[in-house]
Amino acid sequence: MENYTIKYRTFDQLIEDVSVDFSAYALEGMIEPQQLIKVATRVNYDLGLRIHRAKEVVLDVEHNKVKLPNDFYTLNFAMLSTKFTVTQPEIQGTHIEEVALEKSAVSVDEYGCPVDNAVCQSDCGNYYQLIQKFKTKTVTHEQLQMIRIKPGKAVSADCPNSNWSSANQADIRDGWIYTSFKTGQLFINYQGALENADGELLVVDHPLINEYYEYAIKQRILENMYMNGENVVQQMNLVEGRLRGARNNALSLVNTPNFGELKKIWEMNRKAQYHKYVNMFKSTPTTR
Amino acid sequence: MASIGEVVSRVRNNVKGSKQDPFLTDRYLYSIILKYATLLMRRQDSANKLMKFNSVFQTLPFVELIEVDKIEAQCSGIKSGCTIRRTKHKLPNFMQGYWGPLIRTVSSIDGGFELQPTHPGTYTSMTKTSSFKYNTTRYFWFLNDYLYFPNVDWDAVKIEGVFEQDITKWNCDPEDDCDPRHTQPFNVPDFLFAEIEQMVVNDLSVNMKTPVDPSDDKQNILR
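Chains as they are written, first to last, in the numbering used here: chain A, 11 to 298; chain B, 66 to 288.
Treat the hints as calculated values from the structure; they're not laboratory data. Any given hint could be a false lead.
No more than 25 Å apart at the CA atoms, straight line, and that leaves these computed lysine-lysine pairs for DSS-like [claimed, not checked]:
#1 A/K160 x A/K65
#2 B/K153 x B/K234
#3 B/K198 x A/K77
#4 B/K198 x A/K65
#5 A/K93 x A/K143
#6 A/K147 x A/K93
#7 B/K223 x B/K234
#8 B/K198 x A/K17
#9 B/K198 x A/K163
#10 A/K286 x A/K274
#11 A/K143 x A/K160
#12 A/K274 x A/K65
#13 A/K160 x A/K93
#14 A/K48 x B/K193
#15 B/K198 x A/K48
#16 A/K273 x A/K65
#17 A/K143 x A/K75
#18 B/K153 x B/K223
Covered stretches of chain A, going by a simulated chain B footprint (3 or more residues, C-beta under 8 Å) [claimed, not checked]:
#19 29-37
#20 46-58
#21 265-278
Residues on chain B that point at chain A, a partial pick, calculated with CB under 8 Å [as the list claims (entries may be wrong)]:
#22 G177
#23 Q181
#24 H184
For every residue, glycine included, the Cβ atom is placed at its ideal position computed from N, Cα and C.
Pulled out of the complex, with its shape left as it was, chain B reads as follows (with noise of 0.2 Å):
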């Protein structure tokens, strides 16, 4: 998988853009490709051909959970016995699919347990079936950068996911603590690259057209 800074480079060459141009600097490059990144992740995620690259998804393997009030899970609807958690920190920013934020999987801690996602509305009409008391699984749901659980009684979870922020915080590793923005992957599969730096150049040859001479400053001053 190719860095950020392997990315905005290539991208860069592509433009003839040079290192020290004030109109061109590397967060500028970056936050394009990904807004086209996104795009087509988005686009690949609708065709249902995401999931499966391994490569792009990253792994918050120790997320605390707190117990929370049913009002802040928006799940008032539930009958009481139910406890609720939720993730205790609000998550980093993750890259948006079709359905929304891009999250393959929320298991326990060990990957025994999978949990399906859920949205608030919808888990409440279920636990109103009568078929519900059949139902084993474990739901969640995305909610103000915040993952909610109902009835799960666990401590942490594990989070698999595609993140547009730095994460090296939340992955349990020290060592990459301090790793440079510009050296960490850029999580979008190597086959949409020519599309990114397509889109990428025609946005940026906008803006770097060198402007055409009015038709006075296009006369010869020798005439």
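Okay, chain A solo, but in the shape it has when bound (with noise of 0.2 Å):
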């Protein structure tokens, strides 16, 4: 499953749809949402990093150190603008866009990476390059630098600045970046929370997956009735045993990899048989 895939509703339309097959229980107060949101969050840290949104921002390092974004949950990279041009004056407002460029107009290298190093590449095989637009400036980042960023739990396991050494260091801790350079524009691209701009808690939207947070949340509504005296020792029964057949289900569905995953194992694969078979013979010229 990949981001762009992915619809979410918030923590109030879940609860909602539990209470519609709940109504008996909702009308007489046994649903409290408050007892149920760590439930929500639960399910989501089980479905796992897929299902968070891929999020980027171009941050302004100043005295070596940037707040981040307060929906930020992992770093997946990071990369320090050194050059870049501003065309118009600053007044306010910003967003960030990547323009794509024709394939024709990017030099590329033997291994098919662009040379330029402000242009990038994505799993499509497309270029695109980092420009930022204010309402009233255009800053296109000419050239980005990776830089190295010290391991821990807001930096995804595969974070490519982790393994880098460079001069140019940076820390993530209590929400903030500390950098070991004084001021910067430094890109960088994380998983987001699940949060909307509101700040609500958000799950999947899905039909297969909804089953899994639905039935996760009815089965803790009938444990808190339990312990509260109430017989629902049946309707406990049941939504377990119904719980553990949506959990499998949503699991294996956020991990089965999508057409673009499956492309890039087939394509990994191909190169590694090229090597592996064909790569030895290079130098032999093929007669035709």
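The two chains are supplied separately, each in an independent frame; assemble them into the complex guided by the hints.
As structure tokens, this is what we get:
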């Protein structure tokens, strides 16, 4: 499952769905949202990082530090913009854009990677450049450099910055990035926390995954009722079984590679096989 | 729904009581009926079988709110920045259910937002949890015949519940303000009447039993 295929809904919408199913319990005031938020966050965690949305932002480092976005969850990668041009004076507001480039206009090396390090290559093989557009100015980032970031909880396991050697270093602590350089423009790509712009908790909205959320919440409602002395043993047994099935379905759906990912694996495999069986004859001229 | 007068008269017929009996007034009968009705309503509530009976619930469509101090709301643990409101006047008596007063819904006056019942201590604990930032639910609690509302800035709310008292002054309808109490509905499901009547008759039969003559008085004077 890739980020762009995921739809989200708010936690309140999920609770409304459960309340419709448990209408009698809802009327009796047995559904207390505060008790169920942790269930939804646990299910989010159980489904893994693949359900999180990847986001990008350019941060202005000042006095060796910069605050991370409020919805920051883990870092995918970070790059320092060492050369950029500003075309108009700044007033207010910003948005970031990745401008697609013509393949013919990009000069590439023997491995197909762009020579100009301001140009990035997407998974699909398209090239793009980081351009930051404000209301009254445009910043074109012409040179991006990898920096070293100290591994930690807020850095994803496969973040390339963790294994990179560079004089420019950074460390993520308590919602801030502390850098070894005093000022600069830091471009980060991160997995956003499951929150919307209003700070509401988000959950995945997919027919198969919804079942998992709903049964997990129903299980907790019944568990709390049981603890309060209600006789709901039968209902609990029923929901426990359904929850197990729903969890398996949801996890298998989330962990199934999509077309892009399968293509990437196929390409890696082809490259490996080529290296193993064909590369050795590369110096031998082939007669046609 | 039967009126209070009808219910009282039905019980009076069962005990073969007469209207003129000074020891069996309507008020006395109603008090005994209410005693058993409360007991049975509590039983129904504990079995989660009451809230779906629309007919027993009455609505206070516009209950004014005022801002109060958090100490009064027994919520001193809440950090600053939280406004607490309460109903301006004490509410009419609710019938008591298994978990407290029988309140089905408290909502905004248009019914668009429903509030969730809680307790001052529970709410204070909630505000201290890390996940509370995700909680968009509005809460209320019942204390000293008032309802308290943290983080609600409305001027009024709508309350739906089962009341023991006359609520004609609260329902924004001046026409029924002078209705006598015995013509007002008795807010208990009809299917409970059989049990209520039986209990009331049992109760009254002890008091109304004709005393047995002492042995001396049983002697025939003509013996």
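We went through each hint and held it up to the structure:
For the suggested pair A/K160 and A/K65, the alpha carbons sit about 20 Å apart, so the restraint of at most 25 Å is met. Restraint check for B/K153 and B/K234: satisfied, since their Cα atoms lie roughly 14 Å apart, inside the 25 Å limit. Annotation: proposed proximity of B/K198 to A/K77 holds, straight-line Cα distance about 20 Å (limit 25 Å). This hinted pair checks out: B/K198 and A/K65 have alpha carbons roughly 22 Å apart, not beyond 25 Å.
For a cut-off of 25 Å, the pair hint linking A/K93 to A/K143 stands: about 16 Å separates their Cα positions. Our distance criterion of 25 Å between C-alpha atoms is met by A/K147 and A/K93, whose separation comes to about 16 Å. With a CA separation close to 14 Å, the supplied pair B/K223 and B/K234 stays within the 25 Å bound. For the hint linking B/K198 to A/K17, the alpha-carbon distance of about 22 Å falls within 25 Å, and the restraint holds.
The hinted pair formed by B/K198 and A/K163 meets the criterion: a straight-line CA distance of about 22 Å does not exceed 25 Å. A distance of roughly 18 Å separates the Cα atoms of A/K286 and A/K274; the hinted pair therefore holds under the 25 Å criterion. Taking the CA atoms of A/K143 and A/K160, the gap is about 30 Å. The hint is violated against a cut of 25 Å. For the hint pairing A/K274 with A/K65, the CA-to-CA distance comes to about 21 Å; that is within 25 Å, so the pair holds.
For the given pair, A/K160 sits about 24 Å from A/K93 by alpha-carbon distance, which is consistent with the 25 Å threshold. Between A/K48 and B/K193 the CA atoms are separated by roughly 14 Å; this keeps the pair inside 25 Å, and the hint holds. The suggested pairing of B/K198 with A/K48 holds, with an alpha-carbon distance near 12 Å, which does not exceed 25 Å. Restraint check for A/K273 and A/K65: the C-alpha separation of about 23 Å stays at or below 25 Å, so the hint holds.
Proximity of A/K143 to A/K75 is assessed by CA-CA distance (about 23 Å); at most 25 Å being required, the pair is judged to hold. Simply put, B/K153 and B/K223 have alpha-carbon atoms about 13 Å apart, close enough for the 25 Å limit, and the pair holds. With 3 residues carrying a beta carbon less than 8 Å from a beta carbon of chain B, the stretch 29-37 of chain A meets the three-residue requirement, and the given coverage holds. Counting residues of the stretch 46-58 of chain A whose beta carbon lies closer than 8 Å to any beta carbon of chain B gives 3, which meets the minimum of three for the stated coverage.
Figure legend: the stretch 265-278 of chain A, annotated as covered by chain B; annotation inconsistent (0 residues with Cβ-Cβ distances under 8 Å, at least 3 required). Because the beta carbon of B/G177 sits about 13 Å from the nearest beta carbon in chain A, more than 8 Å, this interface hint is broken. Nearest Cβ of chain A to the Cβ of B/Q181: about 7 Å, under the 8 Å cut. The hint holds. Of the supplied interface hints, the one on B/H184 is violated, with its beta-carbon coming no nearer than about 11 Å to a beta-carbon of chain A, more than 8 Å.
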